[in-house]
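In order, the protein sequence lines correspond to chains A and B. Here the first sequence stands for residues 1 to 313, where the numbers follow this note's numbering. Here the second sequence stands for residues 1001 to 1341, where the numbers follow this note's numbering.
If you're looking for bench data, these hints aren't it; they were derived computationally from the structure. One thing to keep in mind: the hints can contain errors.
[As the list claims (entries may be wrong)] Facing chain A, according to a computed beta carbon distance under 7 Å, are these residues of chain B, among others:
#	residue
1	Phe1053
2	Arg1055
3	Tyr1074
4	Asn1079
5	Ala1086
Every residue gets a Cβ at the ideal spot worked out from N, C-alpha and C, and that includes glycine.
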Amino acid sequence: MAAVAAGAFAQPLRAFSAWSWRRPLLAAWLALVPPLLWFGTVYLGSLFALLAQSFYAIDEFTATIIPRFTLATWAQLVTQPANLDIVLRTTTMAIAVTVAAAIVAFPIANYMARYARGRMKAFFYVAVMLPMWTSYLVKVYAWRLILAKEGILAWILAGLGLDGALDSVLRAPGIGGPSLASSYLGMFIVFVYMWLPYMILPIAAALERVPGSLLSASADLGARPAQTFQHVTLPLALPGVAAGSIFTFSLTLGDYIIPSVVGAPGYFIGMMVYQQQGTAGNIPLAAAFSVVPIVLIGVYLALARRAGAFDAL
Amino acid sequence: MTAAIGFEDVRRAFGAIVAVDRVSFAIEPGEFFSMLGPSGSGKTTCLRLVAGFERPDAGVVRIDGIDVSDTPPYERDVNTVFQDYALFPHMSVLDNVTYGLRVRRMAAAECRRRGEEMLALVKLGDAGARRPAQLSGGQKQRVALARALANHPKVLLLDEPLGALDLKLREEMQLELRSLQRRLGITFVYVTHDQGEALSMSDRVAVFNRGRIEQLDAPQTLYARPRTAFVARFVGGANVIDGRYAVRAEHIEIAGPGVPATDDTVRIEGTIVDTQYQGAMRRWQVRTDAGELITATRPDDAAAGPVAAALPGHREPVPREPGTRVALRWPRTRMIALATD
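So here's chain A without its partners, still in its complex pose (with noise of 0.2 Å):
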């Protein structure tokens, strides 16, 4: 009876099994269905409404937004030297980042690829994944502890008698600050941390895929290490800084919480959308502010494709 009832049971998932067997496309379309509903209305919807909003603007004097296309907004964004200010500062800020992220991250990378083995691989890969378990306001306050002004860096800089240095570091114009933790320098120092698991597992997901057979061909046929690092395993691995790039470059445009905690009283991109759609009530001049980095992520891209970073893949 038992059996009888389970075959009963079982036919309509056999017949639905061979159904979709025999036409896999459509059955791949059907799967893709509900998270394409999710993506599609959350975030894409999301991301119009915004844009949208953006061609609004605010009564100055009620506070109010006006629901009439006008470009006001977009001539307050690009025309106001305050915004444009603020742009150029997360801008730099996030290609700075991105380069000495990626610097730092590519020798980690190339060891983890490369000449870890066993034990020692798994170390390494667990270890740069570690700080993505922990929470990230954890890791924000810690690190403005690590460099406030009586933390235990400059405490460690003096002891090594260093603190002179610092103190000069510290005096250089645009980048520092009372201390660390109220200087770009400390903001910068703490962004490329953040970041730098997302630029260190692409880069050695791309040079793992770089057979070692490869470097050895380039020694054999006359390279000097350098050379084969310029000419080999540069141009393999570029597809993997460009993805890790991606990460660090836009993580960075739009973080608002690491330029409250840390650094200098300049306001970043993030901090003025969390700030104009919060207290100040401006959601079109946050939504102009939140197209800024959608914007120079695709002129990004743009130039990696041109210069060639995707052409190994």
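Using the hints provided, position chain B relative to the given structure of chain A.
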């Protein structure tokens, strides 16, 4: 004359595994020299010692008489054709071929000229603009060869270069490699586990086993006079009797247990384990009463039968049912005495 490559008491171990165990030999300039052996026998490690990817733990490796133990690969006048070809996927075929010239800062026009000359040499003159991913296995093999030859090395090292090709292409490439080597007069050091390949192409063959050279001789000598049981089995596929003699499968006669021994033959009895049809020939595997497995090949009855039946002196067909008792006989003159270690 200075040897092109010289090994003097070279040893290389990886942990507890001794890959190359006190090996000494010399390769003459212009020679086609093969290193033959099963996987793990040390032949590839020897090649890597010449290329410079490995350093000897003890002993000396010489290129052109000069000790190169401390010379990195990029300063050695040898080039390698890799087993997986190792073509740079992000460069065109021509850029691959001229890579060695470009890193040595040769003028662009001269690079291009020599690159095209090399591609013409391997009959790929029109493929320069393509990417390696667009080539077939055989074409990749040729590009790898052109790239290694472009530097005009004194010695070309080939690490099982034909292993990934199908049989017909492999045979073509064997002929081509041999004629190329004769034309260029470069020393070729060829690593393979295929004894047919080694025998057909080489001036001399070194047979490797467990990190040592068992025998180093011309192909004919290797086949006719194997020095050890390993060489007899690996190179000739010969039977080794008592660990002291080698007898080739084609020299063994199979008959019913009634046939007598004579003064100039050896006779052993055994039981058929199995037979395999191989076209014109059939292969018997017979377990002797002493427990040794002996292989004998004879013309197959299906092929030879109709002809043999029409000829005088026709004999009974050879038994081939597994489990049948048979007598094996071979002439004493066909036995090759082996060195016993």
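Okay, the hints, checked on the actual structure:
no.	hint	result
1	Phe1053	holds, 6 Å
2	Arg1055	violated, 14 Å
3	Tyr1074	holds, 5 Å
4	Asn1079	holds, 6 Å
5	Ala1086	holds, 4 Å
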